[in-house]
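Number of protein chains: 2
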Amino acid sequence: MISNKYGVFIAVTGLLLGLSACQSNPGKTVYESSPQTRPEMNVSDSGVHSFTLGNGMKVLVKPDHRSPVAVSQVWYKVGGSYEYAGVTGVSHALEHMMFKGTEKLKPGEFSEIIAANGGSENAFTGKDYTAYFQRIASDRLELCLENEADRMRNLQLTEAEFKKEIEVIKEERRSRTDDSPTSLTYERFNAAAFINSSYQQPIIGWMEDLDSMQLKDLSSWYQTWYAPNNATLVVAGDVDPLQVYQWAKKYFGPLTPSKIEPPKPRREVEQMGERRIIVKVPAKVPYLLMGYKVPVLNTAKNENDIYALEVLAGVLDGGNSSRLSQQLVRGSEVASSVSAGYDLYARQQSLFLFDGTPRDGHSVKELETAIKKQIKIIQNKAPSKKELDRVKAQVMAASVYEKDSVFYQAMQLGTLETVGLGWQKKDEYLQKVQQVTAEQVRLVAKKYLINDGLTVAVLEPQPINAAKRKASATTGGRHGR
Amino acid sequence: MISNKYGVFIAVTGLLLGLSACQSNPGKTVYESSPQTRPEMNVSDSGVHSFTLGNGMKVLVKPDHRSPVAVSQVWYKVGGSYEYAGVTGVSHALEHMMFKGTEKLKPGEFSEIIAANGGSENAFTGKDYTAYFQRIASDRLELCLENEADRMRNLQLTEAEFKKEIEVIKEERRSRTDDSPTSLTYERFNAAAFINSSYQQPIIGWMEDLDSMQLKDLSSWYQTWYAPNNATLVVAGDVDPLQVYQWAKKYFGPLTPSKIEPPKPRREVEQMGERRIIVKVPAKVPYLLMGYKVPVLNTAKNENDIYALEVLAGVLDGGNSSRLSQQLVRGSEVASSVSAGYDLYARQQSLFLFDGTPRDGHSVKELETAIKKQIKIIQNKAPSKKELDRVKAQVMAASVYEKDSVFYQAMQLGTLETVGLGWQKKDEYLQKVQQVTAEQVRLVAKKYLINDGLTVAVLEPQPINAAKRKASATTGGRHGR
Chain A
1 MISNKYGVFI
11 AVTGLLLGLS
21 ACQSNPGKTV
31 YESSPQTRPE
41 MNVSDSGVHS
51 FTLGNGMKVL
61 VKPDHRSPVA
71 VSQVWYKVGG
81 SYEYAGVTGV
91 SHALEHMMFK
101 GTEKLKPGEF
111 SEIIAANGGS
121 ENAFTGKDYT
131 AYFQRIASDR
141 LELCLENEAD
151 RMRNLQLTEA
161 EFKKEIEVIK
171 EERRSRTDDS
181 PTSLTYERFN
191 AAAFINSSYQ
201 QPIIGWMEDL
211 DSMQLKDLSS
221 WYQTWYAPNN
231 ATLVVAGDVD
241 PLQVYQWAKK
251 YFGPLTPSKI
261 EPPKPRREVE
271 QMGERRIIVK
281 VPAKVPYLLM
291 GYKVPVLNTA
301 KNENDIYALE
311 VLAGVLDGGN
321 SSRLSQQLVR
331 GSEVASSVSA
341 GYDLYARQQS
351 LFLFDGTPRD
361 GHSVKELETA
371 IKKQIKIIQN
381 KAPSKKELDR
391 VKAQVMAASV
401 YEKDSVFYQA
411 MQLGTLETVG
421 LGWQKKDEYL
431 QKVQQVTAEQ
441 VRLVAKKYLI
451 NDGLTVAVLE
461 PQPINAAKRK
471 ASATTGGRHG
481 R
Chain B
1 MISNKYGVFI
11 AVTGLLLGLS
21 ACQSNPGKTV
31 YESSPQTRPE
41 MNVSDSGVHS
51 FTLGNGMKVL
61 VKPDHRSPVA
71 VSQVWYKVGG
81 SYEYAGVTGV
91 SHALEHMMFK
101 GTEKLKPGEF
111 SEIIAANGGS
121 ENAFTGKDYT
131 AYFQRIASDR
141 LELCLENEAD
151 RMRNLQLTEA
161 EFKKEIEVIK
171 EERRSRTDDS
181 PTSLTYERFN
191 AAAFINSSYQ
201 QPIIGWMEDL
211 DSMQLKDLSS
221 WYQTWYAPNN
231 ATLVVAGDVD
241 PLQVYQWAKK
251 YFGPLTPSKI
261 EPPKPRREVE
271 QMGERRIIVK
281 VPAKVPYLLM
291 GYKVPVLNTA
301 KNENDIYALE
311 VLAGVLDGGN
321 SSRLSQQLVR
331 GSEVASSVSA
341 GYDLYARQQS
351 LFLFDGTPRD
361 GHSVKELETA
371 IKKQIKIIQN
381 KAPSKKELDR
391 VKAQVMAASV
401 YEKDSVFYQA
411 MQLGTLETVG
421 LGWQKKDEYL
431 QKVQQVTAEQ
441 VRLVAKKYLI
451 NDGLTVAVLE
461 PQPINAAKRK
471 ASATTGGRHG
481 R
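Sequence order for the protein chains is A and B.
This note's numbering puts the first residue of the first sequence at 1, with every later residue one more than the last.
This note's numbering puts the first residue of the second sequence at 1, with every later residue one more than the last.
These aren't lab readings, by the way, just hints derived from the structure by calculation.
Hints are not guaranteed to be accurate.
No copy is singled out in the list; a pair is fine if it fits within one copy or between any two copies.
[As the list claims (entries may be wrong)] When the alpha-carbon atoms are kept at most 25 Å apart in a straight line, the in silico DMTMM-like pairs for lysine to aspartate or glutamate are as follows:
(1) LYS259 <-> ASP217
(2) LYS447 <-> GLU460
(3) LYS376 <-> GLU366
(4) LYS216 <-> GLU268
(5) LYS163 <-> GLU121
Make a model of the complete structure from these sequences and hints.
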């Protein structure tokens with residue numbers, strides 16, 4: 001699967017490629033408090049407690065008592081894909097500024113409080129969401145909710161803090177995108193693959209837009225999107241759902257909702273033929289990116305196609321026994337690395353991606369030909385039962401492993417809720433994947449992996465002028481900040 | 001030069017490709033009224049009277065008494081390139097709605113008044129401007145100013161009119177873009193050539209955006225941009241500048257200015273390698289578009305480069321004796337048509353364009369190779385004195401011919417003022433073009449017509465399914481409306 005090689009912004013969504021949901025909890029959740037005190041609370045078979053506050057804010061709680069730790073995440077329905085040209089990067093910039101204090105707290109004080117209580121915290125901005133999280137001893141959870149509620153409505157955006165922070169953000173862009181040949185290629189690739197969809201633009205924002213960004217762009221963004229009725233609180237870990245409910249009511253309940261206008265749809269225009277771009281940047285190795293337009297759950301006419309595409313990604317690239325790895329890396333040795341990936345949970349139409357680096361002595365063209373040959377093979381002949389069983393077993397295994405991470409469980413709930421699918425979709429995943437047939441996999445390969453919907457980007461390495469290279473070792477900084 | 005083949009939106013800017021300005025008027029304009037009554041009025045050597053109203057509105061008057069006709073044009077600094085994704089096409093849609101009545105006038109009544117007075121009127125939307133004009137007997141000019149002032153601030157935007165008009169606009173898009181293979185190719189070509197510049201998006205708007213357009217998008221656009229301090233009135237023809245000044249003061253003077261925020265810069269990111277797209281649409285003949293990133297006057301570090309590019313366009317394509325025509329159409333017969341074009345007056349960085357259709361029996365690839373060969377020739381050897389003299393003579397001739405049209409004279413003033421160059425730039429044109437040397441032409445060809453800044457779009461004709469073709473004979477409609 002496509003890993004987090006594209007830097008932090010993609011890293012986050014990258015986690016979701018091949019996302020598998022929790023297995024249904026065996027048996028009903030044991031109520032931790034008497035049922036009659038929480039009439040608005042629903043409990044799913046998978047143990048997710050959900051309720052909606054009077055102001056429209058959703059709260060999801062997933063108890064997990066294996067260790068005395070809680071994760072709190074506040075998800076906002078806003079991110080890179082909500083932006084329009086000229087202010088790209090504003091969601092991410094605002095995410096940075098959310099740590100700069102409120103009427104009650106000084107800049108950085110929220111983070112200090114969490115650290116002083118032995119917790120860790122951060123935030124991330126994706127195409128379809130912005131989220132803030134803390135991981136903390138479960139008896140300190142209240143602190144998180146209190147202060148998240150505070151900065152949802154009382155953020156202090158000052159010119160002085162903004163002036164400093166925008167430079168940090170630009171440095172982040174330089175080190176993670178402009179100085180990273182593959183990230184830069186990926187950015188240009190997206191800009192070619194999408195025309196009017198907002199997936200065309202980078203989450204970090206074009207440097208031009210960062211250069212012209214003003215404090216008022218951020219305050220307008222904050223006013224527009226940061227409201228309880230545009231947010232979801234997800235709490236997972238060693239918690240009592242009723243207690244979380246009471247705290248949520250206490251801290252988030254009094255916040256007034258906003259009138260939220262949904263963003264313009266910006267459904268991508270139909271692609272009418274192949275697109276190719278060359279990206280010449282100083283680099284040592286070439287790099288190939290190929291993307292085919294595909295539907296996702298949110299845009300699907302036929303949900304079966306989506307799960308079949310998910311399994312297709314697993315057949316082509318799900319570990320060392322997958323086809324791309326076997327045939328291209330170890331077999332013909334044309335690639336030093338090659339991957340395929342698909343994010344079925346994107347908010348808008350997306351891409352079925354291939355990327356890779358040719359091995360020394362082989363060209364990008366050869367790698368592309370080899371990938372296309374693998375596509376043709378699966379278009380003509382359905383995968384074997386053995387292959388399909390492997391993919392399905394991997395999905396089952398992943399769903400067990402992931403339970404080790406309360407953070408990841410919360411992340412799945414937050415993502416699904418925030419992209420508009422509803423967190424319940426998580427419970428369908430395993431079953432739907434198990435139902436996919438070999439012939440369905442062949443048919444979606446034939447239907448969607450076609451040249452008329454293909455975009456190709458080729459990184460052509462240019463000589464590296466050592467003197468001109470920025471020393472990027474100094475940038476560092478926190479993840480997603 | 002690239003003609004108006006791209007439909008009305010490009011047609012308007014198309015006029016400006018190879019635009020040449022009026023020759024300086026020999027001698028000072030004779031004052032038509034006593035100078036002491038117009039202290040704010042300036043008169044240029046070329047006979048343009050200019051003044052600014054107290055509310056910031058600019059007024060330009062170019063008297064021309066050859067016939068008793070006047071042209072009135074109101075130019076707004078807003079157009080397709082001011083828009084952001086999701087609301088593309090809103091400037092043009094608003095232009096349509098500007099004919100739908102005010103507090104004082106019923107829908108269509110302004111047009112009826114002009115027609116009843118023997119005049120004609122219309123409007124056009126470009127990338128960088130929206131303009132409204134009337135051509136009328138000069139003794140009826142006051143009518144135009146009175147009613148233009150009225151709709152600048154008092155437009156009535158009703159849901160009922162919008163519902164009807166948006167369908168007209170969509171039909172316009174279908175007939176002029178979706179049913180026109182070359183227009184469609186040009187639209188996709190721009191979307192590939194530009195990434196974050198607003199020249200990426202079509203003036204008519206993506207159909208998706210027209211589908212989701214709401215009345216409030218238009219009223220917000222109207223509130224934001226339609227204000228006296230964002231407009232220029234240009235009057236040309238058989239008029240007395242002082243009288244125009246008095247009327248302008250009377251009708252536009254009382255309008256309150258708005259706080260106008262300039263649009264975000266959206267300077268295009270540097271292109272790092274060639275881009276190619278294929279556009280497969282039902283069509284009979286293939287079509288090639290090639291565009292090289294070039295600066296324009298507004299973005300130029302060196303103005304000489306801009307005028308040299310202008311002359312380069314003339315050498316390659318300025319009538320039957322130009323190189324492309326001589327070598328590719330009549331010489332090798334590889335092309336049935338081929339053109340080059342450049343718009344030095346664009347508001348933002350633009351393209352040096354080539355387009356053409358291969359002759360039967362020749363491929364698009366051959367045409368591209370032939371064009372590139374011509375580029376190489378001029379990159380290696382400066383044009384002859386004879387060629388340069390031809391281009392310069394053509395420019396001189398054009399500047400004489402164009403004086404025949406008061407409309408065109410007004411259009412030049414309005415364009416230059418509205419894209420931010422200032423109308424005075426018009427007076428420099430002839431002299432600057434005459435100063436261009438053959439070596440400068442060679443050098444700009446070498447500097448800018450390079451593969452790393454090239455975008456190529458190829459229309460690959462698909463079989464035309466007669467049954468599916470829309471009958472577009474029924475669309476008709478007024479130019480630019």
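Against the structure, the hints:
no.	hint	result
1	LYS259 <-> ASP217	both (19 Å within a copy, 16 Å between copies)
2	LYS447 <-> GLU460	between (31 Å within a copy, 21 Å between copies)
3	LYS376 <-> GLU366	within (15 Å within a copy, 30 Å between copies)
4	LYS216 <-> GLU268	between (29 Å within a copy, 23 Å between copies)
5	LYS163 <-> GLU121	within (23 Å within a copy, 50 Å between copies)
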